[in-house]
Amino acid sequence: MKKALGALSLLFILGILLIVAHPDYGLKFGFGGKDWQTYRYTDEYYIEHGIEEVGGTNIVTDIVFDYRGYDTIGEATVLFTAIAGAVALLRRWRDDDE
Amino acid sequence: MSEDMGLIVKTMARATIPLIGIFGTYVISHGHLTPGGGFQGGATIAGAGVLFLIAFGLSEAKKRYGHHVYSALESLGGLVFLGVAMLGMSVAFFYNTLWRKGIVFAGKPGTLLSAGYLPIMNLAVGLKVFAGLVSAMMAIAAYRRWKE
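Just so you know, the protein sequences line up as chains A and B, in that order.
Be aware that the first sequence starts at -6, since it is given in the working numbering, and climbs by one per residue.
Be aware that the second sequence starts at 12, since it is given in the working numbering, and climbs by one per residue.
These are computed hints drawn from the structure, not numbers from a lab.
Some clues are possibly wrong.
Unchecked claim - Partial list, computed: chain A residues near chain B (C-beta under 10 Å):
no., residue
1, Ile44
2, Ile76
3, Val80
What the hints assert, rightly or not - Calculated Cβ distances over 10 Å to all of chain B for the following chain A residues:
no., residue
4, Ile12
5, Tyr18
6, Val53
7, Thr54
8, Asp59
C-beta atoms are modelled at their ideal positions from N, C-alpha and C, and glycine is treated no differently.
The whole structure should be built from the sequences, with the hints applied where relevant.
Listed below in structure tokens is the structure:
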């Protein structure tokens, strides 16, 4: 009973999220008016303007290194921190023998 | 138990490690044209390093691995990435000045020498990922706590 209830509520939440995210009758946020889809769904913009604005024919690289460059900086920082932490944790400690 | 994995695996590794390295370098250097890029190509070349370590053993890998060299390479990659990102600082962070003003790497889109700072950034990120993954793998292999 409890499990079925939990599954049903998860399904309900998923349905609400699907409706909210739908472009035709979902939530409209950002600038109002007719242009809200161009501000919210930027993929068309990237595909049309990526080659002339950034220059790479690989649109994913255009997005990763130009439009979303801060995200890539964060990724590089995460990698650096993870490796520094791994090396710091795994190195020989003072009271290890040998 | 000896450290390396025997003659067959070592011969295969000798044959495949250069090919893996060439493929990874191709993925990095064509990152602005074809699928892939700095992260993927760097991880591919680091895979060649992993193959070397498990095929030839830790002591052989330690002879060819310099800790200071790899930490310097990783720092160099990160600094080049940040420095190239700051080139267009007069307009915005991550502004592709090299492409829009046509300074270097300004060929036709689709050729190798195009796309402004994207090839430089791909090289920097690839170097960083390769050095970082190899360092992490060597740390995991070298500093294990249990006895043989």
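Which hint numbers does the structure go against, in order from smallest to largest? 6, 7, 8
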